[in-house]
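Residue-level listing of the chains:
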Amino acid sequence: MDARFWLIQAFNGISYGALLFLLAGGLSLIFGVMRIVNLAHGSYFLLGGYVALSVIWTTGSWLLALPVAALVIAGVGLAMERFFLRPLGFDPLRQVLLTVGFAFLFQQAALDIWGGDPLNIEPPGVLTGSVALGGMYFPVYRIFMISLAAVMGLALWLVMEKTRMGAMVRAAVDDSEMARGVGVDTSRVSMFIFALGAFLAALGGAIGGAFFGVYPGLDFEILPLAFAVVIIGGMGSLAGAAAGSLIVGLADNFGKALFPEVSYFTLYAPMVLILALKPTGLFGRD
Amino acid sequence: MKSRRNILIVIAALLALAIITPFSSSYVITLITHALVFAILAMSLDLLLGYTGLPSLGQAAYLGMGAYLTAILASNYGFGLGWSFWAVILLGMLLGAATAAFFGLFAIRATGVYFLMITLALGMCVWGLAYRWNSLTGGDNGINLPPRPEFGISLANDVTFFYVVFGFFVFTLATLYVLVRSPFGRTLEGIRERELRMRILGYNTWLHKYIAYIIAGAFGGLAGVLWAQMNGLVSPEDVILTTSVDALLMVVLGGPGTLVGGAIGAAVVTFLRDYLSTLVHWWQYVLGGVYVLTILYLPGGLIGIPERVRNWRVRRGRKAAVPSH
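Chains A and B supply the protein sequences, listed in that same order. Going by our numbering, the residue at position 28 of the first sequence is 28; the numbering climbs one at a time, nothing skipped. Going by our numbering, the residue at position 1 of the second sequence is 1; the numbering climbs one at a time, nothing skipped.
The following block holds chain B by itself, in its conformation from the complex:
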């Protein structure tokens, strides 16, 4: 009952976004598209962090894989500029999944702080290659992409591109939602709560975590393909540690284990990084402050605020009721 109401709220918000955005200024449209791309990355991470309890410090690696694949195919081979855009989307997801399948062999065995460290190291491996492998990645300068694909519709048009990214966002949200509500997703939650018990119950927890890791990698790759097309430039800046850390903050800020929370967090962080930074020079104080305050005072994230307000009002109501007894 309650979850049905929440679904309706999300659908209403998505409809509102789809209807209102085209009437905004082109700057706002770009900003929202940017936030949606990172919302896909944040939701992919939420599958790991929020549902499986795996805090990955290297999610930018998969974004980088998708982004570099798109850029290299487009600028070196002229591939992906027409209908083949869809093939690139598929390839990007496959490459993200394949990379995660390889990295997962190392990472999944680790737990707690060690998982943080090993995913950080894996992310740095990808960054190192992007930064130094000049002949393939263009090194520090990165790769400039040709204009966005055209196939009947032109993605160079910001509104059209917004709708395409919006479509992928909804696709990601829906897919991951179905996934986390499935028995597979319930098992992941069980692993998050108490892995030992799940193992004793006969679940292959390693395999569950490994598959979740691969799926997260696939959607990270999807975000990468979209990011490359959105930005028109792919550089090592996209895969630095800060990107991975930002993705973590997005999830924690919005509310882990909710999917939608990651999207809200992505919107806030994108707003701070992209919009506030053009207004004031001290925007990093705000960003740093948001990190610190979220951690200290908002363990459930922004999405937990209505619930906390409700609880607070119930408690206050009870207190007020006491004297009349």
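One chain only, chain A, in its complex shape:
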């Protein structure tokens, strides 16, 4: 185990974290603004991958597939929030079960439309090779994932810090009741956040499709990881989601490489500790 091992593992962990950031960034905002435990978030990721595949099959364009998949699923998320979650009011348990119901419906729909075989998204040729650096090979696709997540993260940060909508979202995270009191339309904020969360997760799914494929069951496999990111980073905070993604990505990679027998335990046990000691997460606001 030399420096090379650590470097490669760290690189893999960071690129995995980049994907997790896309998946969990929106979940964190949803959680922060609406206090909803959205168990259908993994489904957005899976459906994003499937819709991207369909676009690729019909148009042949990978570049077109990413935004289309993200936008379609954003519409799905928006409809779910508007027509089903909103009328429910604030009730954590019923919201959770409702999102589970949707996760099952999505699972079946995906099975009916795209079948049960594992599929793979082929990225364009430019992104397939690797870059040799100091005798090590870094896959271009992983570098692309890191850059895309960085760009999205930066764009989101700008939206949150510089726009009126962003200010409204931050107000709703800090104190939703007070925000409503001073005239922030929290209903519109929730709608925006839900659509944004679905958009990011679907984008992650379309990107991740070239990474670990698109197959039934991926939704519930990836979901707990997203929650680990949200909890460790702190809900409702983009910086927290970014840090949480890196921590989970690295912990997952090193955990699997160093102590394979307890690797998932090393991921979820810190989540429990953080929840017990500082429920707002490492970077969340009190």
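What the hints contain is simulated information worked out from the structure, not anything from laboratory work. Careful, some of the hints might be misleading.
[Said to hold, decoys possible] Only part of the chain A face toward chain B is listed, based on derived beta-carbon distances under 7 Å:
no.	residue
1	PRO92
2	LEU93
3	TYR264
4	PRO279
[What the hints assert, rightly or not] Computed cross-link-like contacts, DMTMM-like style, restricted to lysine to aspartate or glutamate with a CA-CA straight-line distance of at most 25 Å:
no.	chain 1	residue 1	chain 2	residue 2
5	A	LYS278	A	ASP185
6	A	LYS162	A	ASP185
7	A	LYS256	B	GLU195
8	A	LYS162	A	ASP175
9	A	LYS278	B	GLU195
10	A	LYS256	B	GLU237
11	A	LYS256	A	GLU221
12	B	LYS319	B	GLU307
This one's a predicted model, so the numbers in the text were calculated from it and none came from an experiment. Glycine is no exception: its CB is placed at the ideal position from the N, C-alpha and C atoms.
Take the given structure of chain A and dock chain B to it, following the hints.
Coordinates of chain B only, in the frame set by chain A:
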């Protein structure tokens, strides 16, 4: 008066189940036994959700503890295949309780959404160990159990096994019923309604919730031991998030805070997952639909339907009576 009538209805239903089941086909007997095992899990969760107001998203962890204990003892040490089956039952409940006692130290302080999240994380910890700790749990493949125990009676016989599980179901129902009717159970209900007030009245609410959590863990462990014997295979599939979520649905679907509701919910969900899935390929639409419709239209669960019908008829009767005034 009304509660006595309800008890009679439940006893009559249990008697009917015990008498009719042996005459069913072996497939139906297995299906009912399966539902009874999960009814025990659902009732253990109802103690938390329905009576204490703690929605746990990790109840499968205790099922997993009991199930893995049974499988490891049976396949590695040949223990629990005779009279020692009863020792395994006891050990399974103790392990479930011990795990809950440990997990509860972390979970009980949390409330609302945070309680959901922390129990989810605790459940995932158990799943992670089951999935990855190959040398102990067999990893993804799980552990196959030897044939069911034999001690004078042979549990390999499906009818005999049904009666054993039925016995444990009645034992669980009766124990939990006595518990929720006791002053302890009344205190739990008080905590569910308004924890702050109970604390001001001088109750140690943390301790009450903690004890309820441990008891729920013990019965979760019991369900696990029975599930391992029933299925003959224990795998990480048994402790995935979906199992915990299903247990929650069973309680909410049947009617939280009623115990019997959890059993009814368990029967419906088991029927959908095990029976309908063999008939039609689109059964998940039904399962997902049941989730969504229950949440939107049945806040009191299935068990609340007779009451709603009665109210509706009373109201309609009143409306009809208005013109004659």
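Does GLU195 of chain B sit within 25 Å of LYS256 of chain A, going by the straight-line distance between their CA atoms? violated (42 Å)
When you check the alpha-carbon spacing of LYS319 of chain B and GLU307 of chain B, does it fall within 25 Å? Given that 25 Å is the threshold and the Cα spacing comes to 18 Å, the pair holds.
Does the alpha-carbon distance linking LYS278 of chain A and ASP185 of chain A stay inside the 25 Å limit? violated (30 Å)
Within a Cα-Cα threshold of 25 Å, do LYS256 of chain A and GLU221 of chain A meet the stated pairing? holds (16 Å)
Tell me if the straight-line CA distance from LYS278 of chain A to GLU195 of chain B falls inside 25 Å. holds (21 Å)
Just to be careful, I want the Cα atoms of LYS256 of chain A and GLU237 of chain B compared with a cutoff of 25 Å; is the pair within it? holds (20 Å)
Given the hint that LYS162 of chain A pairs with ASP175 of chain A, test it: the Cα-Cα distance must not exceed 25 Å. Since the Cα atoms of LYS162 of chain A and ASP175 of chain A sit roughly 19 Å apart, the hinted pair holds (cutoff 25 Å).
Take the C-alpha atoms of LYS162 of chain A and ASP185 of chain A, compute the straight-line distance between them, and say whether it is at most 25 Å. At roughly 18 Å apart (the allowed maximum being 25 Å), ASP185 of chain A and LYS162 of chain A satisfy the hint.
Do the numbers back the hint for TYR264 of chain A, that is, is its least Cβ distance to chain B under 7 Å? OK, holds: TYR264 of chain A within 7 Å of chain B, min 3 Å.
Restraint outcome when LEU93 of chain A is required to lie within 7 Å of chain B by C-beta distance: holds (4 Å)
Proposed interface contact between PRO279 of chain A and chain B, which counts if any beta carbon pair is under 7 Å: holds (5 Å)
Take the shortest C-beta to C-beta distance between PRO92 of chain A and chain B; is it under 7 Å? With Cβ-Cβ at 5 Å, under 7 Å, it holds.
The structure does not agree with the numbered hints 5 and 7 stated previously, though it agrees with the rest.
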